[in-house]
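> If you're matching them up, the sequences are chains C and U in order.
Heads up, the first sequence is in the numbering used here, so the first residue is -8 and it goes up one at a time.
Heads up, the second sequence is in the numbering used here, so the first residue is -8 and it goes up one at a time.
Please note: incorrect hints may appear among the correct ones.
One copy or two, it doesn't matter: identical chains are merged, so the pair holds either way.
[Stated by the list, open to error] EDC-like cross-link-like pairs, simulated, lysine to aspartate or glutamate; straight-line CA separation at most 20 Å:
1. K2 - E187
2. K39 - D398
3. K57 - E193
4. K105 - E116
5. K39 - E397
6. K273 - D301
7. K442 - E494
8. K419 - E494
9. K184 - D90
Just so you know, these hints were derived from the structure itself, not from any lab.
2 protein chains.
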Amino acid sequence: MDSFLCGEWKKGKGEASTLFNPSTEEALAEASTAGLDLGAAVRFAREKGGPALRAMTFAQRAELLKRLAKGVADLREELIGIGIANAGNTRGDAKFDIDGASATLLYYADLGAKLGEQRVLADGEALPIGRSARLYGQHVLVPREGVAVHINAFNFPAWGMAEKLAVALLAGMPAITKPATATAMMTHRIVQKWVEDKVLPEGALQLLAGGAGDLLSHLRGQDVVAFTGSGSTAAQLRRSENLARYNVHLNVEADSLNAAVLGPDVQDGSETMNLFLAEVAKEITQKAGQKCTAVRRIYVARERVDAVRDALVERLREVKVGNPADEKTTMGPLATAAQLRDVREGIGRLASGAEVATGGAGAVDQKGYFVAPTLLVLREVPAGHPVNEIEVFGPVATMLAYGGAEDLVGQVAAGGGGLVSAVYSDDKEFVQRSVMGIAAHHGRVCIGGEKVAGQTVPPGTVMPQLLHGGPGRAGGGEELGGARGMALYQQRTALQGPRAMIEQLVGAPAAPK
Amino acid sequence: MDSFLCGEWKKGKGEASTLFNPSTEEALAEASTAGLDLGAAVRFAREKGGPALRAMTFAQRAELLKRLAKGVADLREELIGIGIANAGNTRGDAKFDIDGASATLLYYADLGAKLGEQRVLADGEALPIGRSARLYGQHVLVPREGVAVHINAFNFPAWGMAEKLAVALLAGMPAITKPATATAMMTHRIVQKWVEDKVLPEGALQLLAGGAGDLLSHLRGQDVVAFTGSGSTAAQLRRSENLARYNVHLNVEADSLNAAVLGPDVQDGSETMNLFLAEVAKEITQKAGQKCTAVRRIYVARERVDAVRDALVERLREVKVGNPADEKTTMGPLATAAQLRDVREGIGRLASGAEVATGGAGAVDQKGYFVAPTLLVLREVPAGHPVNEIEVFGPVATMLAYGGAEDLVGQVAAGGGGLVSAVYSDDKEFVQRSVMGIAAHHGRVCIGGEKVAGQTVPPGTVMPQLLHGGPGRAGGGEELGGARGMALYQQRTALQGPRAMIEQLVGAPAAPK
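Here chain C stands alone, though its shape is the one from the complex (with noise of 0.2 Å):
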């Protein structure tokens, strides 16, 4: 596998890591960067896809993003097909990551398109400053004139790498998008794809397909990076020597030990219990709980633990695992073989001092990187016992009980910080003390209640005018959330002067979120 740097497709010299179907442990293709000039990657972004999109407006890099979006659906069943065989998505898992790139490109080229004909965002309305009312300053939002270095985790080589790339194009800045090599082909063909459809604006989008080599080391102050991965290795990144010197803009999204809480109200065989229950069988096994967002913690009132128990194994066990190509397969494998050691030795971990309802770490011995869906059940929790600390990147969630509201909200506080939580409830009290109780502990909360019943998107959907990214164990970023995405790639400065001159530089509405 190649990468397309400075205008050309280049191969790697040094050695090479391998591909893998992860159902069947067949090697699929090869990518090495090794020897790659990566500084002169970086000065092509800066010098010649940076200038061309600032000299274009919102709405030509909204056109942009619609033939981006095309390029991804004219491809759909050859990539669904990759994701078969590189991701070990099933069908279903691949047309979520596939169409989930396609939807967000879309979304920010229809946000492009409403924010038309100019290139300088005003922020906020125009301020009288001093004793003067000729003395006005105004808030701008222009784009940084650095690269965007998009570091993507496995599971999303569509979604993952569009997400950011919308963004990152619409507001006008080239980006470096490194996939996870391990699942890097999809990404590969959708570049290519691009490439060869001339999308695109030389410099505008640069593929690294394998290791990131010194990339980093080459960032300054007007660069981005934004990383998508483990928090061990994004608090390498924080602590990299030119990264902090330059203070190159950072944005992380790192682990998170999501939780979802069943209200005391919910009875069963209501439609909110119903909607808990599907939302959270789905969100444990959809990818084969290789999302960020997926259910870590389920919260249940203490007396109804049993109960719920029984109910959700009986949706796990339904789940039939095994490799994709077969049609049946409601499950697939994890992507890697280093997943499948982690996600059994976290499952051990968790597993002590709890009951396992369903699956646990050896339930499926074959070949390829199998794993069954995971039900523990920890009524109390042990000192020391890490569902609060590692996020087991599979199938595998833990029932923990509670007894009121404020016990609820310290626990799933104790998680440290997460993306999105969901509350099923349709009491309004709980639904208050608990929503507000948690959200300062995340970056999305949902609730679920019997109103909105078969029409909810899940917690674990991440939707483009909605904020992704969470605070402490989950990175502490924001992407996303309509407009507000656009901000790691762009710098918020003050004008300050003479009235006519100002609203000659801005001569635009203010931005919308």
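Once you have looked at the hints, place chain U on chain C.
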């Protein structure tokens, strides 16, 4: 000097630092924080101060800020004396610091009064999501549930502290404020007064008068650090193990090589020229140039350099350097012996290959940390010259020559990111090209021209309604800017669910800018 921690005044037990009068080198006080239990202070803020502030509405927090401002105003004459004695301030410098503190507290009190009887801010409008009209998304801003650690620079012991504190308290976060030890007497006296007046709820404000000890090691993902100081200390902070590991929110204001640009259209003797000369001379000499927003680089069209240099030298030679206890003094000493050493060394480095138009490293030689207003002229920047690298934190600026607007933008941008630069011109095209060319490299850009001559706020004056911060070398932070500044102390959370539930949770107008 004692610290106010966990509701009590406490003295450190170890070796103390001595605070001096920088005009006379007389010792004034001692400070030590050795042996103080800073983990307890962090817990006290989280457990007492945070809940008390979060229970209050914005209007109630605004009342606190008003009373804090009144406390500062009540002490004004005494504080001016402290500024003269401990910080080497002229009376004007001290008033700038003290009145800046009151004005910022009052600005945020006004903002809080407008936000009124709410505790949660809506961020943008509610958005329909998915296919159902019943399913809504709404972003909200809620206070982070930790402590805000404020690490301030020595140059603004009143304003710097108040600026950070006003925003944190209004947002609903308790603070531990740590002034720079050398000039901490001002901060100490103000906090003492506030404590005497019993303005704040328990735990809302603690004072650490001296070294930071192990304070940062106690911070986690709901905590915030707002730092103002040198770029090298900032880089250490960013790399500190537990800030990186727990994604503690960190805002940095660091070095800045602020530029002042004279447009090629500006004629000698014009109002715009006089504005330029007056503001540049003020920015060089106010607080002896010890402002992060002071002008460091002055850009003049190549053919005008000699004439502009002469006019500026004339103004700088009117400055009377001395002990500000003498009323005839118009510029005091640097704050510390270390600053004097650094500034003299910095002048030496900048002067290499440059013309010393006035002042110089050794121009004043008397007891006290004095240095003369110094203007260097550098018609061409020799390879390796540090004019775009080092911030000499004293009354020192370098005049440089530019060709056209494009050359100018490149030279200003070579400073690597700044807090504020100013363009003086009445030529709309030059303003457009230069201001928008440098905007991405700054947090604020000022325009001076004849329409606002005599009414401007000089670029070095930080205003609460406009952003304070800048990319790259300047730290990449964002403070103030009205409600924008509260973002550091708030978690932005997307709520997603049934419309009626969302409206019940928010029940608040959108956040103002």
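> List, from low to high, the hint numbers that the structure doesn't satisfy.
none
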